[in-house]
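Required output: the full structure, derived from the provided sequences and hints.
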Amino acid sequence: GQNIDQPTEMTATEGAIVQINCTYQTSGFNGLFWYQQHAGEAPTFLSYNVLDGLEEKGRFSSFLSRSKGYSYLLLKELQMKDSASYLCAVRDDLSGTYKYIFGTGTRLKVLA
Amino acid sequence: KAGVTQTPRYLIKTRGQQVTLSCSPISGHRSVSWYQQTPGQGLQFLFEYFSETQRNKGNFPGRFSGRQFSNSRSEMNVSTLELGDSALYLCASSLAPTNGREKLFFGSGTQLSVL
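Same order as they appear, the protein sequences are chains X and R. Numbering of the first sequence is given in the working numbering, commencing with residue 153 and proceeding in unit increments. Numbering of the second sequence is given in the working numbering, commencing with residue 288 and proceeding in unit increments.
FYI, nobody ran anything at the bench for these hints, they're computed from the structure. Heads up, a few of these hints could be off.
[To be verified] Here are the computed lysine-lysine pairs in the DSSO-like style, where the Cα-Cα straight-line distance is at most 27 Å:
| hint | chain 1 | residue 1 | chain 2 | residue 2 |
| --- | --- | --- | --- | --- |
| 1 | R | Lys344 | X | Lys228 |
| 2 | X | Lys228 | X | Lys261 |
| 3 | R | Lys390 | X | Lys209 |
| 4 | X | Lys233 | X | Lys220 |
| 5 | X | Lys209 | X | Lys261 |
| 6 | X | Lys220 | R | Lys390 |
| 7 | R | Lys344 | R | Lys390 |
| 8 | R | Lys300 | R | Lys344 |
| 9 | X | Lys209 | X | Lys220 |
| 10 | R | Lys390 | X | Lys233 |
| 11 | X | Lys233 | X | Lys209 |
| 12 | X | Lys233 | X | Lys261 |
| 13 | X | Lys261 | R | Lys390 |
Structure representation (structure tokens):
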């Protein structure tokens, strides 16, 4: 079946580092995405991994292990504006047509 | 460049009614997909359109339908509304059908409440 798991909520302190984990099970893996969604706003793209390893983009990094069905999003030097939901999404190749499968999201609260 | 525009922003309907939601993709984007977002279920895929053709469909009942026009604008329709249809409906656009590094650009959504 197709399934994505991520923690429901996390809390961290301003200036700290936080790691949001995502595990997935899909039939035809074709890439993993992370999106950020502030309350009442549209999800916005953060990162994309299709090969194993770490992708770094400023304060944000994303890691993928395809053999373990595992990814994480690492946020460094946390700022108050990082308080948001973080959505893990896998693109699944079903007989040549692609579909995104989203996790339920991790709500991150950054405390002063 | 304008982003993905969804109208209306908020909608209140009663059970049994029908509703039509509209989505205008980013200029030049030809692929539009729709998602239902609820607190417990996260984003659930409804359907994807490219060049006025439905390419893919999620596991929703036939009450949920959509279409895409020649200018890439898309509409989704929900008939015979049920209380469980209350959700945020998000539209996303991309240049081409979901493939490669192609990422989705989301609109702010239409918040539908069914009373």
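Each hint, compared with the structure:
no., hint, in the structure
1, R:Lys344 with X:Lys228, "violated (38 Å)"
2, X:Lys228 with X:Lys261, "holds (14 Å)"
3, R:Lys390 with X:Lys209, "holds (16 Å)"
4, X:Lys233 with X:Lys220, "violated (31 Å)"
5, X:Lys209 with X:Lys261, "holds (21 Å)"
6, X:Lys220 with R:Lys390, "holds (24 Å)"
7, R:Lys344 with R:Lys390, "holds (18 Å)"
8, R:Lys300 with R:Lys344, "holds (25 Å)"
9, X:Lys209 with X:Lys220, "holds (23 Å)"
10, R:Lys390 with X:Lys233, "holds (23 Å)"
11, X:Lys233 with X:Lys209, "holds (17 Å)"
12, X:Lys233 with X:Lys261, "holds (10 Å)"
13, X:Lys261 with R:Lys390, "holds (26 Å)"
Hints 1, 4 from the earlier list are contradicted by this structure; the remaining hints agree with it.
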